[in-house]
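A.B. asks: Each chain, written out:
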Amino acid sequence: MAQKNKNHLPSPEGSAEAVTHIGPGTRVVGRLAGQEDLRVHGTIEGTIRLAATLFVEPEGVILAEVHARDVVVSGTVVGNLHADNAIVLTASARVVGDLRSPRISVEPGAAFRGAISMDPPDVEALEAEAAASRGYGASRSGSAPTVRGAISERATDVRRAAPAPARQQQQPQSVRLPPRRAQAFTAAPGRASGPIVSPAPAREPHNWAPREPLRPALRPAFHEEETIIVQHPAIRSSDDRSRRRVEALPAADHGHAADEPRNKKTARPKPLARGKHKVERVD
Amino acid sequence: MATTVIGTSIVIDGEISGEEHLVVHGTVKGRINVRDSLVVENGGLVEATVESSSITVNGTVNGDISASERAELRPNSTVVGDIRAPRILIADGASFKGTVDMGG
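Chains as they are written, first to last, in the working numbering: chain A, 22 to 304; chain B, -4 to 99.
Isolated chain B, as found in the complex (with noise of 0.2 Å):
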């Protein structure tokens, strides 16, 4: 499978697109917009609009989330933003403020 990983060290300021999973560990400004699933990994942080099939947050986002699928945030994760997903899972611990749109 073809992912396309950030690493921690790695700062982008600007706009990432694809058709594949997508794992940050680093830090994203500007906008994410990817199909397949998006992963922001512990210590990640990511300042953009989100769009994804399926999100998964352990560290931090800034932004709005906009998932075809799902959206997950993990315990120990920090979401500022609106989401907008069909199914939206907020962990135990996790940090949220914003809204929630799930289509009704």
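One chain only, chain A, in its complex shape (with noise of 0.2 Å):
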């Protein structure tokens, strides 16, 4: 029966009959590490950490976070699948947890519920750690006083991800990353709108134009944050900095007048929420 799965992609190399072997009345709890091929005709309960193939068979149950070199399963996984190479859901496998490798292949026939990831992991996380050293660097070093500096960094950066007509989609689209934020700011206004039916409609048109130049320190935590993610690939793709550095001036206008719209799209609720205090002794 341990033959079966040897047509399948990560296969090749665990050819030779493994020598480990998890038999169907055995059942393991706890922690499961190795550099060999595993085949799991029984149960293991844990975290599986493999340097090679994992094999679930027809029979086998895994109720665990599995990271291995290939993964393929043809028995019941509950639990998340993080292989370096491939995974392989056959026609009897089931799973319900997330997959995350390269190379992926579901056969017909297989039950999965999860989300599927083939974005390689290191490269993934490597781009994170760069943008966020370099994010973070850069807004520290210029923190409270230059805020107006920091902005126009980000805007350029973001400006010069995309090419020229992307651009205006592309803000819009980055600025929606952050949903929760924004969710659970628009909740607080819903809300307060309820008893009070009148006033809150009626402030927002009128409030905006001038709260956008009271409060600046909101706007500035609200880009470091967005654009962190974006930038990267600016800071990849641009080889020349003396093309940034003449940019940087009028970025500054053009980032500006660029955000509005956006700020209007999502980062709306927040300022409402808590500006409205503000505006009311203002007024």
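Please note: incorrect hints may appear among the correct ones.
[What the hints assert, rightly or not] Under 7 Å between C-beta atoms, here's a sample of chain B residues computed to sit facing chain A: (1) I1; (2) V6; (3) E15.
What the hints contain is simulated information worked out from the structure, not anything from laboratory work. From a predicted model like this one, the values you see are computed outputs, not experimental measurements. For glycine and all other residues, C-beta sits at the position ideal for the given N, C-alpha and C.
With the hints as a guide, bring the two chains together.
C.D. replies: As structure tokens, then:
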């Protein structure tokens, strides 16, 4: 029975009969780590870390977080699968959990519920790291006093990330990335407007224009977060630093102009919720 | 015959239980509870409380051993812990530290 998966992607070198083998009547609970192929006909609960191929045979059951080079599932898996090379769900597989691997194959008949990510994990991690280190470094060095400067830099980065026509479209998309925030704040005014029906909508339109200049501190914070995400492709693609410097000055104004619509769209709830009191006092 | 084999490079930290023959070439820490026989092969390391019907040790066991039928320590084996079994074989060359309880 152990032989049946030989024809699948990850199998070629795992073709010799696997040494390690969990029989159908055996149950392992805890952490399992190793460098050799593992065939599971029984049950494993816990975590599995394997520098080789994990075969979950038809009667095998895995209730575990799995990290392996390859995973071939013919049995049942409840838990997340991370494979450095490939994941194969054969026709008899039943999987509930997230799959993460550069190569994933799901055969017809396989039952699967969960998310799939094919991003190579290392690249993603590296990018995030690079972006974080760059972004934080820049923003911290010029933190409170030179907020403006920070904005303009970010703005140029965003702008250089995309070719000219795509710029405006890319920005709203990128703004949408942190949706939880936006929703959290939209919820607040929504509730507030329940009891007091008329004033809330009335306030919205004319408060907008004056508020922007009043609260510059809010916006940079928002920008920093979002642009950290967008920023790094720009850094990669831009090899000429001279160009950045040239753009730096005009970019400050442009950045603002470009930002206005997006602020209204997504960041709006935030200033509304917080700024309400302020504006009332002023009035 | 269904068997379970733990390969040389495998490390298990936790509990193994089952009804089958279990062969350990690798490392198991925690607890082993099998109804059939257990063999700790040369190079195998078990740091666990072991319960089984029949236990054969060629490698190393640190922990208490409880066998319902027999326990056998082969030459070159190392066992530190208490052994409880109705029949116990300790071969010449085996290293053992602990107490023996044959039920009396």
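A.B. asks: Next, verify each hint and record whether it holds.
C.D. replies: Status of the hints after comparison with the structure:
1. A distance limit of 7 Å between C-beta atoms decides the matter here; for I1 (chain B) the minimum to chain A is near 6 Å, and the interface restraint holds.
2. Using the Cβ-Cβ criterion of 7 Å, the hint placing V6 (chain B) at the interface with chain A is satisfied: the shortest such distance is roughly 5 Å.
3. Taking 7 Å as the C-beta contact cut-off toward chain A, the hint placing E15 (chain B) at the interface holds, the least distance being around 4 Å.
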